[in-house]
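J.: So the protein sequences, as listed, match chains A and B.
At position 303 of the first sequence (counting the first as 1) the number is 346 in this note's numbering, and the numbers step up by one without a gap.
At position 435 of the second sequence (counting the first as 1) the number is 444 in this note's numbering, and the numbers step up by one without a gap.
Heads up, some of the hints might be wrong.
Label pairs and their calculated CB-CB ranges [claimed, not checked]:
id, chain 1, residue 1, chain 2, residue 2, range
1, A, G86, B, R332, 49 to 55 angstroms
2, A, S332, B, S155, 22 to 28 angstroms
3, B, G378, A, G166, 42 to 48 angstroms
4, A, L318, B, S155, 39 to 45 angstroms
5, B, G334, A, S332, 25 to 31 angstroms
6, B, R89, A, S332, 30 to 36 angstroms
Cβ-to-Cβ under 8 angstroms is the rule here; a few derived chain B residues that face chain A [claimed, not checked]:
id, residue
7, G202
8, G337
9, V340
10, M346
11, P348
12, E349
13, Q354
14, A355
15, L356
16, L357
17, E360
18, L368
19, F371
20, A372
21, G378
22, F379
Derived from the structure by calculation, the hints contain no laboratory data.
From a predicted model like this one, the values you see are computed outputs, not experimental measurements.
We put the beta carbon where it would ideally sit given N, CA and C, even for glycine.
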Amino acid sequence: MKATTTADPGAHPVAKTDGGASLRRWWTSESNEFAGRNLGLLGVLVVLVIIGAVTRPDLYGDPEWVRNNVFTILQQASAIGVVTVGMTFVIIGGGIDLSVGAIMALAGVWATTLATQSYGPGGMIFTAIVVGIGAGLVNGLLVSYGRLVPFIATLAMMVAARGLAASISGKQTQISQSAVINDIATTKILGVPLLIVILALVVAAGWVLLNRTTFGRRTIAVGGNPEAARLAGINVRVQTLLLYGLSGLCCGIGAIMLTAQANSAQAAMANLYELDAIAAAIIGGTLLSGGRGTIIGALFGVLVFSTITNLFAINGLSTESQNMIKGGIIVAAVLIQQFRFGSLTKLFSRTAKP
Amino acid sequence: MDDNVILKLTDVVKTFPGVRALDGVQLEVRAGEVHCLLGQNGAGKSTLIKVLAGVHRPDSGNVEWLGKPVEFANPQAAMRAGIATIYQELDLVDGLSVAENAFLGHEPRRLGFIRRGETARRTREILGRLGHAEIPARRPVHRLPSAGKQIVSMARALSHDARLIIMDEPSAVLAHDEVGNLFRIIRELTAAGIAVVYISHRMEEIREIGDRVTVLKDGRTTAAGLPARDTPTRDLVTRMTGRTIEYVFPDRVHADAGTAPLLDVTGLTRHGEFADVSLTVRPGEIVGIAGLVGSGRSELLETIYGARRADAGTIRVGGRALRPGSVGSAVRAGVGMAPEERKSQALLLDEPIYRNVTLARFARFARGGFTRAGAEASASADVAARLDLRPPDVRRPVRQLSGGNQQKVVVGRWLVGTAARNDSPEDQDRFGGTPTRLLILDEPTRGVDVGARSDLYQLIRDLAAAGLGVLLVSSEVPEVLGLSDRVLIMREGSVIREAPGGELDEEAVLDMIMAGSLTTGALAAETDTTGTTEGEAA
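Same shape as in the complex, but just chain A (with noise of 0.2 angstroms):
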């Protein structure tokens, strides 16, 4: 990477790979831009933590308090972490998921059914996990094939998803009788709680999908500009298809999550999930017109969140003052975006575009 961006136009652009230069590059990420903006958002999360350390010195002087508070957050973050890397795939796929949280709720519920929990914890897991992905086949089949705007689309998917959990669960909340289940978000390997290391398996895996494999680029260009990708040769139905049932399969691992740390499920859980997997996707710099993100940044987006809200908990301050201050956030966030890559002239000329 380095070598190529400050070689001098006459040079071969790219030397010929060995096999310890090729193995760097798979790991070197491809853009500038992004690690600037993922930077900016670390300098934020350092900025909530320090303001943390501010104003409660005493909490912040136990390491054993700061560790587990730590946990705690990465905690928080774990299933809406999960379902923001398949919204952030959806997004950069040029769609938007409206129903993530209806279809968590839907998969929650279903896989806590007296019937499912018969199966055992392996079927509760296998039911959520083809709720989600059967919930998102259909938003993308709605879309692809039967052309709905995606906002429509899964804005129908939302309400219908909420209902069909309510009618399922006769809106009593389901207690789980899996120990397994529950026990998932208490266990700890190595020491790092179970939640947090799924969390981190499928932020990796999204990151590999997306800057690694065929089906990420296919993504990019679907979104990035759709008819030059089926010009292309690149079947942009199928692949709308796949990047919401990608979707639905991280809300049906979410629902499991949540229905782990709650120990049951009812249909109004993960209530307004989809705004956060949005916002938090948008913060990590992935563009709302579809082509453009990263896994990274909305990672950074989700842990800004919860940081937040980890900060006004140990402060004991209210929700409702916790929730101005996200969307304080949010516009903040994208304000110094697009600040950090227009020029100070164009801010200013901004009318002056013709």
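Got chain A sorted already, so can you dock chain B onto it with the hints?
T.: Just chain B now, kept in the frame of chain A:
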């Protein structure tokens, strides 16, 4: 100083990060003249227009408007001062009516309410002045053809009482007869003392409508105020390029008439677009289609490529039928297409060059679903070197390239894996899957500067010489005639004539495609695939 001079630019400089877009521009426009601006893509024409239109402010240099130094803070200021700009991508609001567009931003109003009747009346008056009273003032703009939209843009310019109208390639979206009408309007405007700055790549237009020419190269004025009619083309081209080239078409290497057709289309029909078209392309042969916009030529190409589904007929490549309406099937069979609109139909502008080059092929580089960026980049670098892409750094975003180089990327996409003539067989084997055998080019040189144009011509010929079949469409008749081994002439959805490229002259072709004097009935039946169709019917 000449009293007639209304606009005078001296030593205007404008830099963007990393680029010196304007590097000392001189321009002098007189009232009532058509002043043509010539220059290759990237010469600074667009930046210059935007400086005049108030979009950009120059870093240094003087802009004198009506004898006073000015600096426009924004486009509104330029417009109020009497400079109107008609951009190539017409900036009209589709959902609004003709009248609302014409007066957008300065609607006649009373007490904050728009006076709709007054707006419509004044629009009709302006349309009348433009000789287009037949355009209904209240019709939504999206229901007008391109030519109509251009008239509305001009009406907007006149609604501001513009003294200078800048037209950025106004003829690019127009058919031949509509250009004539545009010129009539321009003449009327200049007769009324309005100056026009006219930008076009087409030399014959500049000869016909222009009074004086200013040539830009690399952000500098290399010639100012040359007479448009008498300056030899060679002089202008030399000043644009710094070298002497004209539209030189490389020599044909005739394809062997005996070989089996690579592309065999029979009875292809799409209702309302084209009917019963049959054609063949042999390996190594360049077949050109001449026809007006709306003759069905682009639709035909897209149907052959599978981007549209035919209502009837068959398409065979290398003897095997393609699945109807499937681009994937065509690509797998070795067909590639460079579509008409490269930005909207072909490129991912923010993605690196190499990813655009391999857009149709990245899966073939992949191993087990994992992409191999290094292999893609090095294959793309090979293609970039073959095409003389500038700059050759394939990790740059495509957006940073000039139009001509972007077009090279679009064509180059289909050359990944097709070896250059002197490549070894191992090089050809290195790359699995069917390499491109048939290249479909829709307007391959639209908006492409002279230098890149010659490169593309040479490239197309080289590809044919290496055994590829080429099927191309162009609005520029000399291009079709100069490049093609065989020419098909389309009118109103039918192929009305087929002849070897050397047997037709420009005038005859124009005559035919523009509802000319030939009787079409007898000729439509002539679909002699050997390319030896004879003679003149007139």
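J.: When the structure is checked against the list of hints, which entries are broken? Sort them ascending.
T.: Per hint list: 3, 7, 12 violated.
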